[in-house]
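A.B. asks: Listed below are the residues making up each chain.
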Amino acid sequence: MSYESPIRDQLVTGGKTYRDVTRDITRPLENAPSKGWWIGFSLSTLVLALWIGATTYTVVVGLGAWGLNKTVGWAFDITNFVFWVGIGHAGTLISAVLLLFRQKWRMSINRSAEAMTIFAVICAASFILSHMGRPWVAYWPIPLPNAFGTLWVNFNSPLVWDVFAISTYFSVSLVFWYIGLIPDIATVRDRAVTKARKFWYGFFAMGWNGSAKTWHRYEVISLILAGISTPLVLSVHSIVSMDFATSLVPGWHTTIFPPYFVAGAIFSGFGMVLTLLVIAREVMNYKDYITEAHLDAMTKVVMVTGTMVGMAYITEFFVAAYSGVEYEQYAFLNRAFGPYWWAYWTMMSCNLLAPQVFWFKWARTTPWFIFIMSIIVNIGMWFERFVIIVTSLHRDFLPSAWAMYTPTITEVSILIGSFGLFFFLYFLFCKFLPTINMAEVKSIIPTHHEGDHGHDSHHNHSHETAEKGAIHGN
Amino acid sequence: MILGVYDNPDKTYAATKKLLNSGYSVEDVYSPFAIHGIDRLMGIKRSKLSVAAFLFAMTGLSLAVTFQVYVSYFDWPMIIGGKPNLHIPTYIPITFELSILFTAFGMVTCFFIVNRMFWGKNADIIDIRVTDDLFVVAVNVQQNKTDIQALNQLLIDNGALEVRERTKE
Numbered sequence: 001m002s003y004e005s006p007i008r009d010q011l012v013t014g015g016k017t018y019r020d021v022t023r024d025i026t027r028p029l030e031n032a033p034s035k036g037w038w039i040g041f042s043l044s045t046l047v048l049a050l051w052i053g054a055t056t057y058t059v060v061v062g063l064g065a066w067g068l069n070k071t072v073g074w075a076f077d078i079t080n081f082v083f084w085v086g087i088g089h090a091g092t093l094i095s096a097v098l099l100l101f102r103q104k105w106r107m108s109i110n111r112s113a114e115a116m117t118i119f120a121v122i123c124a125a126s127f128i129l130s131h132m133g134r135p136w137v138a139y140w141p142i143p144l145p146n147a148f149g150t151l152w153v154n155f156n157s158p159l160v161w162d163v164f165a166i167s168t169y170f171s172v173s174l175v176f177w178y179i180g181l182i183p184d185i186a187t188v189r190d191r192a193v194t195k196a197r198k199f200w201y202g203f204f205a206m207g208w209n210g211s212a213k214t215w216h217r218y219e220v221i222s223l224i225l226a227g228i229s230t231p232l233v234l235s236v237h238s239i240v241s242m243d244f245a246t247s248l249v250p251g252w253h254t255t256i257f258p259p260y261f262v263a264g265a266i267f268s269g270f271g272m273v274l275t276l277l278v279i280a281r282e283v284m285n286y287k288d289y290i291t292e293a294h295l296d297a298m299t300k301v302v303m304v305t306g307t308m309v310g311m312a313y314i315t316e317f318f319v320a321a322y323s324g325v326e327y328e329q330y331a332f333l334n335r336a337f338g339p340y341w342w343a344y345w346t347m348m349s350c351n352l353l354a355p356q357v358f359w360f361k362w363a364r365t366t367p368w369f370i371f372i373m374s375i376i377v378n379i380g381m382w383f384e385r386f387v388i389i390v391t392s393l394h395r396d397f398l399p400s401a402w403a404m405y406t407p408t409i410t411e412v413s414i415l416i417g418s419f420g421l422f423f424f425l426y427f428l429f430c431k432f433l434p435t436i437n438m439a440e441v442k443s444i445i446p447t448h449h450e451g452d453h454g455h456d457s458h459h460n461h462s463h464e465t466a467e468k469g470a471i472h473g474n
Numbered sequence: 475m476i477l478g479v480y481d482n483p484d485k486t487y488a489a490t491k492k493l494l495n496s497g498y499s500v501e502d503v504y505s506p507f508a509i510h511g512i513d514r515l516m517g518i519k520r521s522k523l524s525v526a527a528f529l530f531a532m533t534g535l536s537l538a539v540t541f542q543v544y545v546s547y548f549d550w551p552m553i554i555g556g557k558p559n560l561h562i563p564t565y566i567p568i569t570f571e572l573s574i575l576f577t578a579f580g581m582v583t584c585f586f587i588v589n590r591m592f593w594g595k596n597a598d599i600i601d602i603r604v605t606d607d608l609f610v611v612a613v614n615v616q617q618n619k620t621d622i623q624a625l626n627q628l629l630i631d632n633g634a635l636e637v638r639e640r641t642k643e
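Taken in order, these protein sequences are the chains called A and B. Heads up: the first sequence is residues 1 to 474, going by the numbering used here. Heads up: the second sequence is residues 475 to 643, going by the numbering used here.
Keep in mind the hints are simulated off the structure, nothing from the lab. Since we're looking at a predicted model, the values are computed, not measured. One should not assume that every hint holds.
[As the list claims (entries may be wrong)] Listed next, the stretches of chain A that the computed footprint assigns to chain B, with coverage defined by at least 3 CB atoms under 8 Å from CB atoms of chain B:
#1 104-118
#2 164-175
#3 214-228
#4 232-245
#5 430-443
[Unchecked claim] Calculated pairs, DSS-like style, for lysine-lysine (alpha carbon to alpha carbon, straight line, at most 25 Å):
#6 A:Lys361 - A:Lys287
#7 A:Lys16 - B:Lys485
#8 B:Lys557 - A:Lys213
A virtual CB, placed ideally from N, CA and C, is assigned to each residue, including glycine.
Next up, chain A with everything else stripped away, as it sits in the complex:
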């Protein structure tokens, strides 16, 4: 039953029927991939090869392959880690938080945003592994009774919390994504003409039959999964921020970090969602599903969260000045006017100033412009992490220990390569799974296309049925 909100335009345009939805969204799965897909896929595979090469080199040579030194012990590795984890947050925000807020526009973008979450967390985890230098002992932060006797991990350490947070986040996101996929996988199964497709989609559809009893339970668990994913996503980036905030390093030792990191994560995540969707709606011809109204809504989120992180930057500066702690004050002056001033001002202009263009309707609804802006947002958020990590470390309490950090070609290759990993997975996803949640989209398209009922009666009826719902899981 569709519910047409009086204040929103139709969420899916083009007068689509249920059948059209199925046909449009299963098209890429059932046909040979387009030229565009092959180009994109080959390109990302090449970049992935760069990632594999550079990561292997790091593992073989050791962390000496990177530009780290005694003073700057974290740099590109953790910058990239936080960057990718942050990207992931938009997916959960769209599918969980917007579900709780009953924002129906999420329905045509949540699938790809969740996929993005999962792939981004994979990229993030790869940096955690490689920055350990000896990835074969990566199980050490897991509390296992080990070879040193029964020495355990230190549960007071946020680094240990992070291990739990990231792994929980990854696995719960994966479950949430898969639950959402089951009805759609069943759709592909029932349309399958080839044996392989029938087998594999049949295998993963788990015998889905679409009965009212199943749907009822499905809605209950979707709502609960959304309910637990919402605090989860907030906790994950809060814990990531505590990796810094619980230390005594000036510039890191800040209580504002958890909310500020979460806002930044949503900001960068929406940036990446926009990058992907502006292309996807063009290439896969999904403009009726991902409409300008969707772009408009997402860019508003970008603007709000961008302004929030901007406010956090200014607050940090103020608090440093107000605290009267000279180390804290120096850390911030050094950020803005020290040797890494260019990174700081890139961050400021990309994150605080640039998103302000979204006050204008034109900027919020012009795809090519949004695409450019989304790249700017991503650059800005990468620099934010770089600024936080490198500028706080490189000039510490002892001027004799001060040092500069320059990345090596290996580190730059791993960063670029991680985009290859991300897009490689994303292209595979576009080919093998429905990129838009068909079942949910079908539930929001108007029921009567031929106008077999009067508009008014339809409207009233929709309201009536919307209220009748026992559980508004969707």
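Take the given structure of chain A and dock chain B to it, following the hints.
C.D. replies: Leaving out everything else, chain B in the frame of chain A:
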């Protein structure tokens, strides 16, 4: 079973309501997406999966607290930076994460069990089009007792595209 096939959730809802009011026993309704309110109409009780979820959350919570206290206070207390060994606030993040993890996996597993869903299950699909664009109302009939003619007419009067018979498995 008699199946009424519809192309629209509103009609399906109305037809189901009519059938139930006329005293027929509706076995189930199959649809490509959830029809809101039809669960209540059919008298499906609110799923107890939410209770299961809560219990799993509590399991995760108590396991996490027990384990952390055992490890850092009883089994091998270590003094790191002069911090206390039993420090409840620092256990909160991991306790929270594990509660969520247990809830998600436990609840979803229960969901699969109550629906009898598993990987590789051969689906018994009432009509192949219910995952695409059609809605099916399945009505139970008893041999020689139910007036099939009247039932068919009722389904068609409420907008059924087709009416079919199917043996119940």
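A.B. asks: Evaluate each hint against the coordinates.
C.D. replies: Hint by hint, here is what the structure shows:
Note: the stretch 104-118 of chain A has 0 residues with beta-carbon separation from chain B under 8 Å; the three-residue rule is not met and the coverage is violated. A stretch counts as covered by a chain when three or more of its residues have a beta carbon under 8 Å from one of that chain; for the stretch 164-175 of chain A and chain B the count is 6, and the coverage holds. Under a criterion of three residues with beta carbons nearer than 8 Å to beta carbons of chain B, the stated coverage of the stretch 214-228 of chain A is upheld, 11 such residues being counted. Counting residues of the stretch 232-245 of chain A whose beta-carbon sits less than 8 Å from any beta-carbon of chain B gives 4, enough to reach three: the coverage restraint holds.
Coverage of the stretch 430-443 of chain A by chain B holds in this model, with 5 residues showing a Cβ closer than 8 Å to a Cβ of that chain against a need of three. The suggested pairing of lysine 361 (chain A) with lysine 287 (chain A) holds, with an alpha-carbon distance near 18 Å, which does not exceed 25 Å. Taken as a hint, the lysine 16 (chain A) and lysine 485 (chain B) pair is honoured in the structure, with Cα atoms around 18 Å apart against an allowance of 25 Å. For the hint pairing lysine 557 (chain B) with lysine 213 (chain A), the CA-to-CA distance comes to about 53 Å; that exceeds 25 Å, so the pair is violated.
Comparing the model with each numbered hint stated earlier shows that hints 1, 8 do not hold.
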